[in-house]
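Put the two chains together into one complex; each comes in its own frame, and the hints tell you how they fit.
Chains as they are written, first to last, in numbering that gives the first Met the number 0: chain A, 0 to 297; chain B, 0 to 291.
FYI, nobody ran anything at the bench for these hints, they're computed from the structure.
Hints may be right or wrong, so weigh each one.
Claimed, not checked - Here are some chain A residues pointing at chain B (derived, C-beta under 10 Å): (1) Pro9; (2) Leu10; (3) His11.
Claimed, not checked - Rough simulated footprint, nothing fancy, chain A against chain B, three-plus residues with beta-carbon under 8 Å: (4) 28-42; (5) 83-93; (6) 103-110; (7) 123-136; (8) 172-183; (9) 211-225.
Please read all numbers here as calculations on a predicted model, not as lab measurements.
Quick reminder that beta carbons are idealized off the backbone N, C-alpha and C, glycines included.
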Amino acid sequence: MRPTLRRTWPLHLMLLPALAGLVVFNYVPLGGIVMAFMDYKPWLGFDHSPWIGLDHFRALFEREDSLQVIWNTLIISVFKIVFNLLVPLIFAILLNEVRIRLLTRTIQTMVYLPHFLSWVILGGILVNFLSTDGGFVNRVLGAIGIGPIPFLMHGDWFRFTVIVSDVWKEFGYGTIVFIAALANVDPALYEAAEVDGASRWKQTLHITIPSLLPMAIVVGTLSLGNILNAGFDQIFNLYNSMVMNKGDIIDTFVYRTAILEGNFGFATAVGLFKSVVSMVLIVGAYRLAYQYANYRVF
Amino acid sequence: MYHKTLPYRIFSVFNTAFLSALAVICVIPLLHVLAVSLSSKAAADGNLVGLWPVDFSFEAYKATVSNPYFLGSVWISVMRTVLGTALILLVTVLAAYPLSKETREFRGRPVYAWAFVFTMIFNGGLVPFYILILKLGLMNKFAVLIIPAMVNVWLIVLMMNFFRGVPRALEEAAFIDGASHFGVLFRIYLPLSLPALATLGLFAGVWHWNSWFDGLLYLSRKEDYPLATYLQTVIVSRDMSSMNFTIEEMELLSQKTINAAQIFIGALPVLLVYPFLQRYFIKGLVLGSVKE
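Bound conformation, chain B alone (with noise of 0.2 Å):
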């Protein structure tokens, strides 16, 4: 047994100490982060901070919080968030069941099969694409955050491998019984693809909440910014005319004591999420890749 051996027991203690290190390397800067957001304008300011809050402080919370830019990008964040994931899912499922069944059953599916995958491996480019969104009307528009992002092909890709996984014989007998394919989707398909919806979601709802280019293209007042849009233009391109403190205000806080709670409150959601479908998008993710 290789596992009694010496030399493999040397190796796995310093295997297990090597891989532990860099899963703690994947989460430093996010504590980083965490414990400036916590600590004082002096401490931070004086880069005294490392891993742990020093002179722990909540005022760069209560600065952040009491921003009405923040809490406005935070609102339209959810929104889109909601009601842009609810539009993918539903596009989504709606075309990934004619997507998945045979030809002989539903013989127009390689056309559109082709009309999707040529999507994948051809784009305009930027520009076309920001001229199509000005002719459209759709500059300024909150709308403009939640309809082109509508159809993602790689999302009803996942979804068609997975309704192939459905057994047969379940539609074969709700058909016999006179169902419709309509019937059978909403009835038969869904209620089985719970665990691949929830994985879906997860990655649509995630790409909304991160998404900040859009935003930044195609929305021009800062009240309009979604709160990926708002970090993007406040924190990485330091645009401070929507921090809305007053002068006194700014003496008493540090700018990167408040950057490092807007950047940890953004962060959070995600962080909430994703842990505990960690077993879904691995499943999800499986399932597009490893196939026999």
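Isolated chain A, as found in the complex (with noise of 0.2 Å):
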């Protein structure tokens, strides 16, 4: 039987919506990427405005802001990416050490509950529960005798809270891969370890662990490709002019130097730059994946 258009018609049909949202939403806007190459003003368009080759990105490379930028956006990313892979690893192989079901469960529904929240709705809790000005945190902090600790209104601290409250957010969602994965390791490799007289911690080590591996290597590889992206839903219901130096990231860069100051022709070159990178990671890291863990998507 080979497959005919007639057969096959009703499949291309299908498919029709996502692929009419996909070049309107996705490929048309690729178009738009010339104006990483213009002095694009919006009253003259496309058309007329002049083209100035490679400025834009000189500019990128040169001006202090967009390096201080660029410094900021690795920092906070790689930081986020090295805990957002470790805490729900460990985590993970804690929770499989509690044997109560029901104990289990409730911790598990528990945290995953910040994931669900916007970071509008955390931010909006955040600013009020961090503040120095009898925020909840600095006065139970104040009650043992530290702080206040400027969490959101000095650059270090700004960091140190960006970095620790998304792990916060997205440790226990982080968790899932890990418990599933567990829950998939062959029973008879912890007796046969039991019957040799193995402690707990040696089957972690030799069991455990090595069965958490594969999975770890794909989580791992696979956020390599947001190395570029802190955060701008957190950072920009966060940040405040404070913090500026520190915390601003690549996407709130764009979005102040495209909307607020009206200058689309650098900011879409700030934006390509972090477009093209992320494009080599990603394909990079899913190569990886693929050679390593036999990870595929399609």
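So this is what it looks like as structure tokens:
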């Protein structure tokens, strides 16, 4: 039976809505990338704005503010990637040792919660919760003689807060894949180890951790694609002029440059730089994940 | 048996306590907000509220639900979540079915698959998209909140993987009985995919309810804002013009308690929905990542 158009036309038809959406909202905007090479002025449009070659990219690597922004992005995202891999991994291993089903489920439900709340909600909460002016955390710290700590008012503390609060929001959700991988470990391995007199620590070291390694490699490599994504929603809803120097990232910089300052050309160039670097990393990461863990998306 | 040894028992006690503490830390900020929203102005402004309301008061909620801007934005959020999720599910199911076929059954598949994958790895960035919305005339229209979001490649991949788990014998039998592809999709695949639909519906619904940036970027009138955008402008950016209070009211009410009440109402739908769907989204997520 050879597939012919007569038999497969419904399949093409089914793909039409999604494909139309992709073309309009994903492929057509790619044409707008030419703005990165133009001194784009909205009132001149694409036809009459002057071409300026690579000037925007030269500026990107010469302007002090854009270099600082790239550096901020890298620092914040690298810490996020490392801790968002390690914390869920360790948490899943520890949770696996809790034998009371009801307790395990309750803990899981509670740690998944922050993932589902938006950074608008969490930003609104954290700005008060972490404030130096009677915020809940500083009151608790004050009671044991620490602080007040300017979590959101001082550059270095701001980076710390951004990283910790992101791990706080996402680690529970990150454990899901590891808990699933643990459920797939063959119980016979543990039974055999038990017979051989291995302690629980030895079992963890030689059975549990090796069984989680493929999943950890997949999660780790795939998150490399996010190295220039330090989290727009989070930073935008937490930052202020006091921490701009150490807290501003590529995405917030692009937003302000384009929408607030109207410098569309430069903002497009910065965005394009981010897209290209991310694409290289994503493609590389997927190849690695495929080679080492046989992971495929499509 | 390691369970019975003393060191393991000591570890077990500490481990359980540690994990429980972490779990509590995950919900503490929300408990604090709830407590503040139910406290009196004096207690909230004096920073006296911890995890339990002080001078219990419903005033902040009364003020919040009598604010027309707030109510209007809730309505817009409900509309966008319901319509937007329905649209995403429709587009996703329709696209996932052909993509779940093997290349020998559907020769166009690799080309389509690449068209989808490419959008996951490369995009034009914020500015070209903004100009596109401008040129399409979608600025300040409700449709800007749902149309551009209708194709979500991740959800299509999740659904495609689920469809691949449907036994082939079922559809082969249906084809022999003369069923069409549409018939197979809607009569066989969909009824078998309700858990997956619930998962994707949850993801899409939460995404729509939480989305705020599109509203901020593409809508300029405050009365058009969805709740998330309204909360962003009022609470995070502290724009008071849409709070709609007289000076006398401002004296009676604390900004802190009202903000807390608005935040809590904004989080409430998500809090109510996700525990019930927990079983499903775990399945859905695992489906997308653990493969043999």
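To see whether the hints hold, each was checked on the structure:
For the restraint placing Pro9 of chain A at the interface with chain B, the shortest Cβ-Cβ distance is roughly 4 Å, inside the 10 Å limit, so the hint holds. The closest approach between the C-beta of Leu10 of chain A and any C-beta of chain B is roughly 4 Å, which is under the 10 Å cut-off, so the hint is satisfied. With a cut of 10 Å, the hint placing His11 of chain A at the interface with chain B holds, because the nearest CB-to-CB distance is about 7 Å. Counting residues of the stretch 28-42 of chain B whose C-beta sits closer than 8 Å to any C-beta of chain A gives 5, which meets the bar of three, so the coverage hint holds.
Remark: the stretch 83-93 of chain B is confirmed as covered by chain A, as 4 of its residues place a Cβ nearer than 8 Å to a Cβ of that chain, reaching the required three. Coverage of the stretch 103-110 of chain B by chain A holds in this model, with 5 residues showing a Cβ closer than 8 Å to a Cβ of that chain against a need of three. With a cut-off of 8 Å between beta carbons, the stretch 123-136 of chain B has 10 residues touching chain A; three or more are needed, and the interface restraint holds. Counting residues of the stretch 172-183 of chain B whose CB lies closer than 8 Å to any CB of chain A gives 3, so the stated coverage by that chain holds, three being the minimum.
Note: the stretch 211-225 of chain B has 3 residues with beta-carbon separation from chain A under 8 Å; the three-residue rule is met and the coverage holds.
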